[in-house]
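Number of protein chains: 4
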Amino acid sequence: MNSFGSKIRVTIFGESHGPAIGCVLEGLPAGESIDFEALKAFLERRAPGRNALGTSRKESDAPEFLSGVLDGVLTGAPVCAVIRNADHHSGDYAQLKDLPRPGHADYPSAVKFHGFNDVRGGGIFSGRLTAPLCVAGGILLQLLERRGIVIGAQIQRIHKSVGAAFDPVAVSAGLLRRLNGMEFPTLEESRGAAMREEILSASAQGDSVGGVVECAVTGFPAGVGDPMFDGLENRLAQVLFAIPAVKGVEFGAGFQVAELYGSENNDSFVMEGDTIRTATNRCGGILGGISTGMPLVFRAAFKPTPSIGKPQQTVSLSRREGVELVIRGRHDPCVVLRAVPVVMAATALALYDALP
Amino acid sequence: MNSFGSKIRVTIFGESHGPAIGCVLEGLPAGESIDFEALKAFLERRAPGRNALGTSRKESDAPEFLSGVLDGVLTGAPVCAVIRNADHHSGDYAQLKDLPRPGHADYPSAVKFHGFNDVRGGGIFSGRLTAPLCVAGGILLQLLERRGIVIGAQIQRIHKSVGAAFDPVAVSAGLLRRLNGMEFPTLEESRGAAMREEILSASAQGDSVGGVVECAVTGFPAGVGDPMFDGLENRLAQVLFAIPAVKGVEFGAGFQVAELYGSENNDSFVMEGDTIRTATNRCGGILGGISTGMPLVFRAAFKPTPSIGKPQQTVSLSRREGVELVIRGRHDPCVVLRAVPVVMAATALALYDALP
Amino acid sequence: MNSFGSKIRVTIFGESHGPAIGCVLEGLPAGESIDFEALKAFLERRAPGRNALGTSRKESDAPEFLSGVLDGVLTGAPVCAVIRNADHHSGDYAQLKDLPRPGHADYPSAVKFHGFNDVRGGGIFSGRLTAPLCVAGGILLQLLERRGIVIGAQIQRIHKSVGAAFDPVAVSAGLLRRLNGMEFPTLEESRGAAMREEILSASAQGDSVGGVVECAVTGFPAGVGDPMFDGLENRLAQVLFAIPAVKGVEFGAGFQVAELYGSENNDSFVMEGDTIRTATNRCGGILGGISTGMPLVFRAAFKPTPSIGKPQQTVSLSRREGVELVIRGRHDPCVVLRAVPVVMAATALALYDALP
Amino acid sequence: MNSFGSKIRVTIFGESHGPAIGCVLEGLPAGESIDFEALKAFLERRAPGRNALGTSRKESDAPEFLSGVLDGVLTGAPVCAVIRNADHHSGDYAQLKDLPRPGHADYPSAVKFHGFNDVRGGGIFSGRLTAPLCVAGGILLQLLERRGIVIGAQIQRIHKSVGAAFDPVAVSAGLLRRLNGMEFPTLEESRGAAMREEILSASAQGDSVGGVVECAVTGFPAGVGDPMFDGLENRLAQVLFAIPAVKGVEFGAGFQVAELYGSENNDSFVMEGDTIRTATNRCGGILGGISTGMPLVFRAAFKPTPSIGKPQQTVSLSRREGVELVIRGRHDPCVVLRAVPVVMAATALALYDALP
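Residue numbers (our numbering), protein chains in the order written: chain A, 1 to 356; chain B, 1 to 356; chain C, 1 to 356; chain D, 1 to 356.
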């Protein structure tokens, strides 16, 4: 299934070079209005062709809403939004079909779908499918914000350039909103230049780089999440790994907890007025899968774009060995910048679904 | 819900100091026999009281099967297995109820359940709930093995002591079986002594340590998994984060991919006889959420046990500040060793459910 | 799967002659108390051996609660309740296994489970599995009653003896409670004697009879249910057909609507003080799958018990033709009386799950 | 949710007067071709404006496929099909919004959606939503037919005119195909004229009539279905009640079983060559929720169209009493004829989903 959620359900459909991509969003509350201008601005953060850091390809990512909205207000019926694909010149894809690209899903998906999947442009595995994810998540971000919940994300690392991480106690809605307004959202702006340089340099070599997106959420109430399989960490991980190129997810101190003593890692409880808080927040705002009322903080590691200009070794599905493959076309030398709103959208899905 | 799966469904129930814990396992194939001796041996790997590295508490983890099995063979009906809890002397838990322990789910769960949850021994958040998870997973491990799929796991890190990682190309069923037979399963046995020492030293200080469990799977066929939300990474992450104390999950090269060039990270395709394989396996056997036919390799980071002997600062739920809390009782100074079979069980759940 | 529900989930397990039967009930609200005496009284309505109208077999249907309840109050964790099966003398069931009983699931289930299912006493298809259904439903009946929702049911028909139907406008909580206290709940008490006579007469002939149970619900709020697949009618039908022997379900005027003109069948809207009601209630309180605020009224048709004393023709699974089968043992000549609380329990599941 | 299924999942979206209606169909097998001509012919059976028996309204029900199909073959990705709504002159729907039509979902849905639902043309409750249901079901009918499973349906009753029922033992694929080719599919063609007359006569009076659709399935293998909540009867009932106007569903002898003795109702097993069959088929091919291998036979009762030309009494949502409502526009005097393919489509959903 291509669906997520139980209170709400998001179903994503479409293939990169098919007629259209889109989403169906079920379970939304009737009567909430949608700010389509804000949604458009959010979708543009993901769209390609904005600057030299990404592909120069231009795609119209404007969704048409087919149902569930009347005069800008949710009717309570399923919302279907559709984004038309441009008229791709898919060329002779018979050859493409036979040569699986390293790092792409071409080979395993050919096995899974017995060769009948649409391989053009990556088909259903294309990063383009994150556009409808952003449509769904962009709507939910608005609903969450009305409940005082603000989601923001920053680029914490590009290749070897590492920037500051969120202060998991002090991170504020104001800081997140400021980041969300930046063209290259990173906490330590002075490091931003080095990060951009990493991308441009890889691009110049016909290569690509990966990075880390860090996400924070303020205003999320304590006591949300379910034990075991449906904790906040489980749900967030399930949606974050739905973003192509994510290979690791960690919460709070993450992998670093393995190196700490319990006495270092435990977050002491303190009072702040009448509210119970933790003095530190190494747990990333989640204990036992349930929110503590502190900011949620987590990170996702993105691999370098598998489509690179350099020649690569592959085989053919017809069992020919030692084929040299050169991928043509305009590709993102780094998906991390465009992935920032996608991480936010995925987070909105998981968190909205978890709320009572 | 406390359930996982769509082809099969595992539902876990029980609280640490209630009458019993257990699981219901639906969707199993009729006619498969269960090797109860092998299951018992597997469950003993998780049970407490085995050696100086864990708690000295003794618990009987022997499950009673109430349904779904006749003469040792699955009937196709739901399997319910129950493990009785010993007669705990839960003492005066009114006080316990009021003082949330740092690093535990006490506080967020009190908010979620309005104070009605059973807090004794951690209630539903207790690590003891991994016992029925191992019953379910232990059965599935047997079914997977009959299909040629072998799951194994090793301790890759305890605190500052780091051992070798799996070779993601060469890892074999034989190696995994050997690890599964070891008392302290770690690839680099010479580092095992240092790891044990970390645990004993923390224990002596009334403190605790965390670590990393690395899991590998051989024989898993190519082409399994679903795009987007139900890829293998999504499913595995969902079950791995169900294990108490896991704060990070990564696949293949994991967080390290953020530092690599695309030309370094991509795994070239090569022929091995008539089989398509990858020359390297930085993707951990998963591309686009679908298995490549190479070994699956992934890691989970465990935090140090939050229950420590040292005094800690907390508050009371009745809003008293600056309370010093000393946790009494016998606790694991490190959960990583006992978590090894739990990681395997969780993996079995996710993989069996994903198979067509 | 043996599960129902999305807001709550009920999972039923167990086989008639296995160690135990039971249920897991997830998603219940923490803090609600359970009246175990009332639950016991409700379960006794279903239990066998109460009078001459049913089997003389005695079964202890007392559930043991293994989890989710502390000091009589729901903790919010999954509730598991178990009912032990008596020590059955299942005899030589090899023969039984080979001779499918007419009207029972023996043959199709042998095909489905490749002969590995537990056939003793009907296994998972036994009417005994309605006991855990009543445990789950009995708890939900209490929660619904606290929200002002009262469910009641009556025997409207036994074989050729037909009694009055509910007045779908005037039916009251008081009437339903009175019915629920009757040993042989039927609206028109004068017809009750004839109905009992039908059962006793069939029993004397070694035969069995069917009937119709009619259910009504008062206090159910308007505006509950979902369009299309998850309307109240869909959900109720799904649980009602889970009761063994049900072959038809109808709402309001039911099959009779096929004979009416639109001008006869439509229920006019009227005001009753400030409340919108319908003057008649042929729709059974449901339009478009959504409740109208009027009483819900529906009926389920039960087939005669397939286990009869008379000789019957069957074949053997080993393909022997023309076998005469005589079923021994004590069987209900009519399941309808014991099915009344089961219909109520199933209704409680569907309605509680549908409530926001 | 507006979704059905677990092996496959069908999600229906759209409102009668919104931009479009459609469906997403997940879980279809890659590599199956779709016969679009046959699909079109099937959809035309449901489309309005075909003859004097239905509304004279003309709607284009031609679906556009946005995803999941390439060169006429399923890719294995979710199939999204969209049907554009014509440019409706919805007029001043403020008034419409305030006057709930008797027999329609207007009132309960206004309560459910707090008045924000799209009421124009019935919104999400419109019979028009059965068009995407037929798109999904029409595809599945083709896949089922390739597995030798044929679904057919006939009009068994219109108002007081009753025709013959299927012979549940002898019904053949040939008979079903012949019925599916008829303009007015009814077994007893001589009664067809009387049935049409009922419709035309009601229409002339500005009234409407209901009826009964009977459905049969041949070639469905034995041993399919799940115990309890997911038996074939449960699944079929869940989808059949999704069709607007259905108020009753019965299997095999249905409500009549209540009048039979067990010795009359039980179907004896007999051999037919090497195949086990039943001599009669009062159970409608389903025992314990599992298929017996005999034809499946069941019926759905349809209420008369609630939109009638005659004046009716209603209230206003703003609490005005005693309003006389006259519904204008062209309405079906009977939905039963157009419902025949809808019943088949719904059946295809439930049965395809149940198959292993």
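Hint data in this document are derived by calculation from the structure and do not stem from the laboratory.
As the structure is a computational prediction, the values presented were derived from the model and not from experiment.
The reader is advised that the hints may include incorrect statements.
Each pair may be met inside one copy or between any two copies, as identical chains are not told apart.
Keeping only pairs whose Cα atoms sit at most 25 Å apart, straight-line, the calculated SDA-like set for lysine to any residue is [claimed, not checked]:
1) K7 x E264
2) K310 x Q256
3) K40 x Q142
4) K310 x R146
5) K310 x A279
6) K310 x D71
7) K7 x T218
8) K7 x A30
9) K310 x Y261
10) K97 x T275
11) K310 x G219
12) K97 x E272
13) K7 x E188
14) K40 x F116
15) K310 x M271
16) K97 x A62
17) K97 x G223
18) K7 x L355
19) K160 x P356
20) K40 x V73
21) K7 x A170
22) K97 x E32
23) K310 x A194
24) K7 x G31
25) K40 x R84
26) K160 x E197
Right, here's what the structure says about each hint:
no. : hint        : verdict
1   : K7 x E264   : neither (37 Å within a copy, 39 Å between copies)
2   : K310 x Q256 : between (35 Å within a copy, 21 Å between copies)
3   : K40 x Q142  : within (12 Å within a copy, 41 Å between copies)
4   : K310 x R146 : neither (47 Å within a copy, 43 Å between copies)
5   : K310 x A279 : between (49 Å within a copy, 17 Å between copies)
6   : K310 x D71  : neither (50 Å within a copy, 33 Å between copies)
7   : K7 x T218   : within (22 Å within a copy, 27 Å between copies)
8   : K7 x A30    : both (14 Å within a copy, 19 Å between copies)
9   : K310 x Y261 : between (45 Å within a copy, 11 Å between copies)
10  : K97 x T275  : between (59 Å within a copy, 18 Å between copies)
11  : K310 x G219 : neither (46 Å within a copy, 32 Å between copies)
12  : K97 x E272  : between (60 Å within a copy, 21 Å between copies)
13  : K7 x E188   : neither (37 Å within a copy, 44 Å between copies)
14  : K40 x F116  : between (34 Å within a copy, 24 Å between copies)
15  : K310 x M271 : between (57 Å within a copy, 21 Å between copies)
16  : K97 x A62   : neither (29 Å within a copy, 31 Å between copies)
17  : K97 x G223  : between (49 Å within a copy, 16 Å between copies)
18  : K7 x L355   : both (9 Å within a copy, 13 Å between copies)
19  : K160 x P356 : neither (41 Å within a copy, 40 Å between copies)
20  : K40 x V73   : within (16 Å within a copy, 34 Å between copies)
21  : K7 x A170   : neither (31 Å within a copy, 36 Å between copies)
22  : K97 x E32   : between (45 Å within a copy, 18 Å between copies)
23  : K310 x A194 : within (23 Å within a copy, 44 Å between copies)
24  : K7 x G31    : both (17 Å within a copy, 22 Å between copies)
25  : K40 x R84   : both (15 Å within a copy, 24 Å between copies)
26  : K160 x E197 : within (11 Å within a copy, 34 Å between copies)
Taken one by one, the earlier hints fail for this structure at numbers 1, 4, 6, 11, 13, 16, 19 and 21, listed in ascending order.
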